[in-house]
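*Asks:* So you can see what is in the structure, the chains are spelled out below.
Number of protein chains: 4
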Amino acid sequence: MSTNWRGGSAAVALLTFDVDAESAVLAHGRRYADHAATMSHQAYGPRVGVPRLLDLLDEMGVPATFFVPGWVAEHYPALAGSVQQRGHEVAHHSYSHRPPTSMTPTQERADFERALDVFESQGVGVHGHRAALWGASRYTTGLVAEHGLVYDSSFMADDRPYRIPTEAGEVIELPVHWSLDDWEQYAFLPDPVVGSVIESPEKVLGMWKAELDAMRHYGCLFNLTSHPFLSGRPSRALALRRLIEHALECGDVRFARCADVARSAAADADLTSHAPDLPAVDATAYPDP
Amino acid sequence: MSTNWRGGSAAVALLTFDVDAESAVLAHGRRYADHAATMSHQAYGPRVGVPRLLDLLDEMGVPATFFVPGWVAEHYPALAGSVQQRGHEVAHHSYSHRPPTSMTPTQERADFERALDVFESQGVGVHGHRAALWGASRYTTGLVAEHGLVYDSSFMADDRPYRIPTEAGEVIELPVHWSLDDWEQYAFLPDPVVGSVIESPEKVLGMWKAELDAMRHYGCLFNLTSHPFLSGRPSRALALRRLIEHALECGDVRFARCADVARSAAADADLTSHAPDLPAVDATAYPDP
Amino acid sequence: MSTNWRGGSAAVALLTFDVDAESAVLAHGRRYADHAATMSHQAYGPRVGVPRLLDLLDEMGVPATFFVPGWVAEHYPALAGSVQQRGHEVAHHSYSHRPPTSMTPTQERADFERALDVFESQGVGVHGHRAALWGASRYTTGLVAEHGLVYDSSFMADDRPYRIPTEAGEVIELPVHWSLDDWEQYAFLPDPVVGSVIESPEKVLGMWKAELDAMRHYGCLFNLTSHPFLSGRPSRALALRRLIEHALECGDVRFARCADVARSAAADADLTSHAPDLPAVDATAYPDP
Amino acid sequence: MSTNWRGGSAAVALLTFDVDAESAVLAHGRRYADHAATMSHQAYGPRVGVPRLLDLLDEMGVPATFFVPGWVAEHYPALAGSVQQRGHEVAHHSYSHRPPTSMTPTQERADFERALDVFESQGVGVHGHRAALWGASRYTTGLVAEHGLVYDSSFMADDRPYRIPTEAGEVIELPVHWSLDDWEQYAFLPDPVVGSVIESPEKVLGMWKAELDAMRHYGCLFNLTSHPFLSGRPSRALALRRLIEHALECGDVRFARCADVARSAAADADLTSHAPDLPAVDATAYPDP
Numbered sequence: 001m002s003t004n005w006r007g008g009s010a011a012v013a014l015l016t017f018d019v020d021a022e023s024a025v026l027a028h029g030r031r032y033a034d035h036a037a038t039m040s041h042q043a044y045g046p047r048v049g050v051p052r053l054l055d056l057l058d059e060m061g062v063p064a065t066f067f068v069p070g071w072v073a074e075h076y077p078a079l080a081g082s083v084q085q086r087g088h089e090v091a092h093h094s095y096s097h098r099p100p101t102s103m104t105p106t107q108e109r110a111d112f113e114r115a116l117d118v119f120e121s122q123g124v125g126v127h128g129h130r131a132a133l134w135g136a137s138r139y140t141t142g143l144v145a146e147h148g149l150v151y152d153s154s155f156m157a158d159d160r161p162y163r164i165p166t167e168a169g170e171v172i173e174l175p176v177h178w179s180l181d182d183w184e185q186y187a188f189l190p191d192p193v194v195g196s197v198i199e200s201p202e203k204v205l206g207m208w209k210a211e212l213d214a215m216r217h218y219g220c221l222f223n224l225t226s227h228p229f230l231s232g233r234p235s236r237a238l239a240l241r242r243l244i245e246h247a248l249e250c251g252d253v254r255f256a257r258c259a260d261v262a263r264s265a266a267a268d269a270d271l272t273s274h275a276p277d278l279p280a281v282d283a284t285a286y287p288d289p
Numbered sequence: 001m002s003t004n005w006r007g008g009s010a011a012v013a014l015l016t017f018d019v020d021a022e023s024a025v026l027a028h029g030r031r032y033a034d035h036a037a038t039m040s041h042q043a044y045g046p047r048v049g050v051p052r053l054l055d056l057l058d059e060m061g062v063p064a065t066f067f068v069p070g071w072v073a074e075h076y077p078a079l080a081g082s083v084q085q086r087g088h089e090v091a092h093h094s095y096s097h098r099p100p101t102s103m104t105p106t107q108e109r110a111d112f113e114r115a116l117d118v119f120e121s122q123g124v125g126v127h128g129h130r131a132a133l134w135g136a137s138r139y140t141t142g143l144v145a146e147h148g149l150v151y152d153s154s155f156m157a158d159d160r161p162y163r164i165p166t167e168a169g170e171v172i173e174l175p176v177h178w179s180l181d182d183w184e185q186y187a188f189l190p191d192p193v194v195g196s197v198i199e200s201p202e203k204v205l206g207m208w209k210a211e212l213d214a215m216r217h218y219g220c221l222f223n224l225t226s227h228p229f230l231s232g233r234p235s236r237a238l239a240l241r242r243l244i245e246h247a248l249e250c251g252d253v254r255f256a257r258c259a260d261v262a263r264s265a266a267a268d269a270d271l272t273s274h275a276p277d278l279p280a281v282d283a284t285a286y287p288d289p
Numbered sequence: 001m002s003t004n005w006r007g008g009s010a011a012v013a014l015l016t017f018d019v020d021a022e023s024a025v026l027a028h029g030r031r032y033a034d035h036a037a038t039m040s041h042q043a044y045g046p047r048v049g050v051p052r053l054l055d056l057l058d059e060m061g062v063p064a065t066f067f068v069p070g071w072v073a074e075h076y077p078a079l080a081g082s083v084q085q086r087g088h089e090v091a092h093h094s095y096s097h098r099p100p101t102s103m104t105p106t107q108e109r110a111d112f113e114r115a116l117d118v119f120e121s122q123g124v125g126v127h128g129h130r131a132a133l134w135g136a137s138r139y140t141t142g143l144v145a146e147h148g149l150v151y152d153s154s155f156m157a158d159d160r161p162y163r164i165p166t167e168a169g170e171v172i173e174l175p176v177h178w179s180l181d182d183w184e185q186y187a188f189l190p191d192p193v194v195g196s197v198i199e200s201p202e203k204v205l206g207m208w209k210a211e212l213d214a215m216r217h218y219g220c221l222f223n224l225t226s227h228p229f230l231s232g233r234p235s236r237a238l239a240l241r242r243l244i245e246h247a248l249e250c251g252d253v254r255f256a257r258c259a260d261v262a263r264s265a266a267a268d269a270d271l272t273s274h275a276p277d278l279p280a281v282d283a284t285a286y287p288d289p
Numbered sequence: 001m002s003t004n005w006r007g008g009s010a011a012v013a014l015l016t017f018d019v020d021a022e023s024a025v026l027a028h029g030r031r032y033a034d035h036a037a038t039m040s041h042q043a044y045g046p047r048v049g050v051p052r053l054l055d056l057l058d059e060m061g062v063p064a065t066f067f068v069p070g071w072v073a074e075h076y077p078a079l080a081g082s083v084q085q086r087g088h089e090v091a092h093h094s095y096s097h098r099p100p101t102s103m104t105p106t107q108e109r110a111d112f113e114r115a116l117d118v119f120e121s122q123g124v125g126v127h128g129h130r131a132a133l134w135g136a137s138r139y140t141t142g143l144v145a146e147h148g149l150v151y152d153s154s155f156m157a158d159d160r161p162y163r164i165p166t167e168a169g170e171v172i173e174l175p176v177h178w179s180l181d182d183w184e185q186y187a188f189l190p191d192p193v194v195g196s197v198i199e200s201p202e203k204v205l206g207m208w209k210a211e212l213d214a215m216r217h218y219g220c221l222f223n224l225t226s227h228p229f230l231s232g233r234p235s236r237a238l239a240l241r242r243l244i245e246h247a248l249e250c251g252d253v254r255f256a257r258c259a260d261v262a263r264s265a266a267a268d269a270d271l272t273s274h275a276p277d278l279p280a281v282d283a284t285a286y287p288d289p
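Chains as they are written, first to last, in the UniProt record's numbering: chain L, 1 to 289; chain X, 1 to 289; chain W, 1 to 289; chain R, 1 to 289.
One thing to keep in mind: the hints can contain errors.
Any copy will do: because identical chains look the same in the list, a pair fits if it lies in one copy or spans two.
Calculated cross-link-like contacts (lysine to any residue; reagent style SDA-like; alpha-carbon spacing at most 20 angstroms) [said to hold, decoys possible]:
# : residue 1 : residue 2
1 : Lys203    : Ala275
2 : Lys203    : Val62
3 : Lys209    : Asp282
4 : Lys203    : Phe188
5 : Lys209    : Val193
6 : Lys203    : Ala280
7 : Lys209    : Asp260
8 : Lys203    : Trp178
9 : Lys209    : Arg242
I should point out that these hints are in silico values taken from the structure, not numbers from a laboratory.
Since we're looking at a predicted model, the values are computed, not measured.
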C-alpha cells in the first residue's frame with residue numbers, strides 16, 4: 001500500500017546542520033591551517049554552536065539531522081556519537097568538504113569511502129549523504145546507491161522528494177536550495193573570500209517563515225540547512241527558535257529526520273522519478289572558451 | 001488614426017519569463033554539463049517553475065510572454081507548445097543564451113537563426129526577441145528586423161516603448177531594466193559565480209510595487225522579467241501573485257503580451273524613434289588599457 | 001565680517017547630479033561603445049532621467065548642481081545649457097570620467113583642460129569640480145585652483161566645508177561620501193561588473209533621511225550625489241521627491257547650489273583649513289607587494 | 001576566591017574602536033598614499049570621527065577601548081594620549097595594519113614590537129592586542145604573552161572570554177565576530193575594492209540590538225568593533241548612541257574597558273582554556289592546488 005510522503009501534514013520540515021567546522025576553510029587550501037583566528041571562527045561550530053543548538057532542539061522537542069564531514073568526525077571524535085545520543089541523525093557529508101565537481105572520479109570515490117570508514121570506526125550508522133557545497137557530480141548518486149545509503153540531499157530539481165535511478169539502484173533525493181541555507185545570509189570571511197554581506201537574523205527569519213508558509217500552501221519539503229559556526233551565534237540561534245515555534249504553531253508541519261522522510265518517500269508510489277539531467281552539449285552552441 | 005500605446009491605462013504591465021534553464025549556466029562553459037546538482041538547479045525551471053507559474057497566471061487571469069532560448073525549446077520539446085496552448089506568447093531568446101556582445105557578427109547571426117529554426121520546426125510562431133543577458137550588440141536589432149520580428153526587448157534607453165530604425169526596417173523596442181528583473185534579487189550560484197546575496201521576496205515585492213506605482217504616475221511600461229528557476233520557488237511565486245493582485249486592484253493597469261503592446265506601440269504616431277547610440281570613441285579620451 | 005557657512009540653517013542640502021551617461025562605462029574600456037544595450041542603459045540618463053529630474057526640481061522649487069563630464073557635454077550639446085536655463089548650476093566632472101588616480105599627471109591635466117575647453121566653447125561658466133569616481137590625485141586640487149575654480153567636491157575628510165590650500169591658491173572643499181551616493185545602492189551592470197545588489201528606494205530613502213536628520217543634529221553639509229541614469233527611474237525619482245519634501249518640512253534645511261555654498265564657506269573665517277594628507281610611507285612598514 | 005567574569009550582569013558590553021585611519025588602505029599597497037581622496041576618507045576617522053565619538057561616550061557615561069595601529073599613533077601623535085585622558089583604554093593594533101597571516105614570523109615580530117616602541121615613546125601603557133583584520137597567525141598569542149600583555153581580542157572560538165595557553169604564559173582572549181563589526185555593514189571603497197553594499201544604520205542597529213539581547217539570554221561578551229572613519233558619520237554615530245541607550249535601559253548590561261574584563265576573566269577559575277586549534281593537515285585530504 002502506498003502512502004503519501006507527507007503523511008497528512010501540509011509540509012515536512014527538515015532541520016539539517018552541516019557541521020563543516022575547519023574543513024570548509026581547509027578545502028580552500030591547506031595553508032589556512034596556519035590562519036589561527038580563521039580556524040577559531042570555524043571551531044566555534046563544534047565547540048559552542050553544536051551544544052547550544054542541541055539544547056535548543058531539546059527545548060523545542062524536534063528532531064534534526066547533522067551532516068558531518070569525515071574529517072570533522074575524526075577531528076572531534078565525540079561529536080557524531082553525542083549527536084546520535086540526543087536522538088538526532090548523523091549523515092555523510094564527504095570526508096574533506098571538497099566538492100565532487102572539483103575532483104576526479106577516483107578522488108571523489110576515495111573521499112566518499114574515507115568518510116564511510118570514519119563513521120564505521122566510530123560505530124556511527126549513516127543512511128544518507130549530502131555533497132560538500134552541494135557540488136554533486138554525475139557520479140555522486142551512484143556512489144550513494146552503491147554503498148547502500150538510502151538518500152541524497154544535494155540536488156535541486158524539485159521542492160518535494162523524488163527518486164533518482166542509478167546503475168546501483170534507486171536513491172531518494174531530499175532536495176535543497178540556496179534560499180534555505182544560512183551560508184548565503186550570514187557567512188563572511190575576508191580570506192578565503194566568503195560572503196559579502198552579513199544579513200540580520202530578522203530578515204532571514206522573515207524569509208524562511210515566508211518560504212515555510214508557501215511550502216505549506218504547495219505541499220513541499222522545507223529542507224533547511226544551517227551551519228553551527230554561523231547559526232550557533234546567539235541572535236541567530238534565537239531566530240531559528242522563533243522559526244521552529246512558528247512551524248509548531250502552524251499545527252500542520254511535521255518535523256522529521258532525513259532518514260525518516262526518505263523512508264516515507266520510498267513508500268510513496270506516486271513519487272516522481274528522474275535521473276539527473278546531464279545534457280550532451282554541442283560544441284557549436286557552447287564552444288570552449 | 002493613431003492611438004496611444006497605453007490605450008487609456010495608467011501603465012501597461014508585461015509579465016515576462018525567461019526560461020533559461022540549463023542554457024544560462026552552460027553559457028559559462030561546457031564543463032558545467034557535468035555539474036549534476038547545478039544542472040538540477042536550472043532544471044527546476046521547466047520541471048517545477050513553469051507549471052506552477054502557468055497555474056498562477058490562470059488563477060489570476062493574466063497573459064504573459066515566455067522568452068525561450070532555442071536550446072531549451074529543443075531540450076524540452078513540449079515546453080513552447082504548452083505555453084502557447086495556455087494562451088501565452090513564446091518569444092525568441094537566442095539559441096545558446098550566450099550574449100551577442102560575446103560573439104562575432106557571424107556567430108551572433110548563426111545563433112539567432114538556429115533558434116528560429118527550432119521554433120519553426122516546432123510550429124511555434126515568434127514575433128519578438130530578447131537578447132541573452134540583455135547583451136545586445138550593434139547588430140542585434142538589424143537581425144530582428146531582417147527576420148520579420150516585430151519587437152525587441154533588450155534595450156534600456158527609455159521606460160516607454162520606442163521605435164528603433166534599422167537598415168532592414170523598424171523595430172519596436174519594449175525596454176527592460178535590471179531593477180525589474182528577479183535575477184539580481186534571487187540568483188545565487190557559487191560555481192559559476194552568480195549573485196552574492198539572496199534577497200527576501202518581501203523586499204522584492206515592495207520594490208516592484210513601488211516601481212509599478214511610480215510607473216502609473218509617469219505612464220510607463222512595467223516590463224517585469226522573472227526566471228522560472230528563481231521565481232517558481234514557493235514564496236517567490238506567491239510574492240509574484242501578490243504583485244499581480246496589487247496591480248489588478250489598482251484598476252488602471254493593463255496586462256498584455258509583448259506582441260500586443262508592440263502592435264499598439266506601432267500604431268502610436270507619437271512614439272519616439274531613436275537608433276541605438278553607438279558613440280564614435282576617441283582614442284585620446286579612452287586609450288586602450 | 002565673517003558669517004557662518006550654514007547661514008542660520010541646521011544643515012545645508014546640496015542636490016548634485018553626476019550626468020555620467022556613456023562616459024562612466026567607456027572609462028572601463030573603449031570596446032563598450034559596441035555594447036549597444038549597455039550604452040542604452042547609460043543614455044537613459046540624459047534622455048529620460050535629466051528631464052524628469054529637472055521637472056521634479058521645478059515642482060519642489062529647489063536648486064541643484066549638475067556635474068557633467070566634458071565628453072557628455074560634447075555628445076549631448078544641448079544638455080549643459082538647458083540645465084543652466086532652468087536655474088541650476090553646471091560644474092566640471094572631468095572630460096572622460098577616468099579617475100585622476102588612473103592617469104599620469106600629464107594625462108590628468110590634459111583631461112581636466114579638455115573639459116574646460118568644452119564648457120568654454122558652449123558658453124557654460126563653471127565654478128567647481130568633482131573628480132571622476134571621486135578619485136582625486138595629489139594634483140587635483142592644484143589644477144582646480146590654477147584654473148580659477150572656486151571649489152572642489154571629491155574629498156571626504158570632513159562632513160562640513162573646509163579649505164584646501166594649494167600652491168595656486170585656496171580651494172573650498174564641499175566633501176562627499178559613499179553613503180550619500182545612489183551608485184552604491186542602485187547601480188548594476190554585469191559587464192563591466194558594476195554593483196552586486198539593487199536596493200529598494202524605500203531602504204535608500206530611509207537611510208538618507210536618517211543621515212539628513214543626523215546632519216541637522218551635528219550641523220553638516222548634506223551633499224547628495226545622484227545619477228540620472230539611476231535615480232531618474234520612476235520609483236527612485238519619487239523617493240528623491242519624498243526626501244526633498246521631508247527636508248522642506250523640517251524647516252531648518254537650506255537647499256543651495258554648490259557654488260553658493262562655496263561662496264558662503266569662503267566668507268566664513270572659522271572654516272577649518274587643511275591640505276590633503278599624503279603620508280610619506282615607509283617601505284619597511286609597507287613593502288611593495 | 002574565584003568570581004564570575006560577568007560580575008552579576010547578564011552580559012558585558014565592550015565598545016571598541018579600531019582607529020585604522022590611513023593604515024587600513026596603505027596595507028593594500030604603498031601606492032595608495034597618492035590617492036588623495038581615498039586618504040581623506042580614512043583621515044575622517046581621527047579628524048572628525050574620534051572627537052565625535054569621544055563626546056558621545058562622555059554624554060552616555062560609558063568607557064571604551066581604542067585599538068590603534070602604531071603607524072596611526074605616530075602619524076597622529078596627540079591621538080592616543082587624548083583617548084586616555086578621556087578615561088578610555090588604548091590598546092595595540094599592530095604597527096602597519098597588515099594581518100599577521102600575510103607576514104613571515106620575523107616580519108610579524110618586527111611589526112608587533114615596532115608598535116610597542118611607539119606606545120612606549122608616547123608614554124601610553126597598553127595591556128592588550130588585536131590583530132589587524134583579526135588575522136592572527138599561530139605566533140600571535142605567543143607574542144602577546146611574551147611582551148607582558150594581558151589579553152588578546154582577535155579570535156572567535158567562543159562568545160565568552162577564554163584562556164589561551166602559550167609557551168610564554170597565558171593570555172585572556174576577548175573574542176570578536178564579524179557580525180559585531182561595522183566594517184561589513186558600512187565600508188565601501190572602489191579602489192582598493194572594499195565592501196559591496198552600504199547598509200542602513202537602522203538595519204545595523206536592529207541586528208546589534210538583537211545580538212545584545214540574545215547575549216543577555218546566553219550570558220555572553222558583547223564585543224562591538226567600530227571604526228571611527230565609518231561609525232563616526234552622523235547617522236551611524238546616532239545609531240550607536242541608540243544602541244548604548246538600549247543597553248543602559250536593559251539594566252543588566254555592564255560596560256567596561258577590555259583590560260577590566262580581562263582582569264575579571266583572569267580571576268574566574270571557571271573560565272575555559274584552550275589553545276588555538278591548528279590542525280595537522282593531511283596532504284591526501286587537502287592536496288595543494
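*Asks:* If a hint holds in the structure, say so; if it does not, say that too.
*Replies:* Status of the hints after comparison with the structure:
With identical chains, the CA atoms of Lys203 and Ala275 are never at most 20 angstroms apart, being 35 angstroms at best within one copy and 35 angstroms at best between copies. Taking the shortest Cα distances, Lys203 and Val62 never come within 20 angstroms of each other, neither inside one copy (23 angstroms) nor across copies (30 angstroms). For a Cα distance limit of 20 angstroms, the shortest separation of Lys209 from Asp282 qualifies neither inside one copy, at 42 angstroms, nor across copies, at 41 angstroms. Taking identical chains as interchangeable, the C-alpha atoms of Lys203 and Phe188 lie at most 20 angstroms apart whether they share a chain (17 angstroms) or sit on different chains (17 angstroms).
For a Cα distance limit of 20 angstroms, the shortest separation of Lys209 from Val193 qualifies neither inside one copy, at 29 angstroms, nor across copies, at 27 angstroms. In this assembly of identical chains, Lys203 and Ala280 lie within 20 angstroms of each other by CA distance neither inside one copy nor across copies; the values are 40 angstroms within and 38 angstroms between. When the C-alpha separation of Lys209 and Asp260 is checked against a cutoff of 20 angstroms, the pair qualifies neither within a copy, at 23 angstroms, nor between copies, at 38 angstroms. In the homo-oligomer, the alpha carbons of Lys203 and Trp178 lie at most 20 angstroms apart both inside one protomer (15 angstroms) and across protomers (17 angstroms), since each shortest distance falls under that limit.
Proximity of Lys209 to Arg242 under the C-alpha cut-off of 20 angstroms is found in both arrangements, the shortest distances being 9 angstroms within a copy and 17 angstroms between copies.
Against the hints set out earlier in the document, violations occur for numbers 1, 2, 3, 5, 6 and 7.
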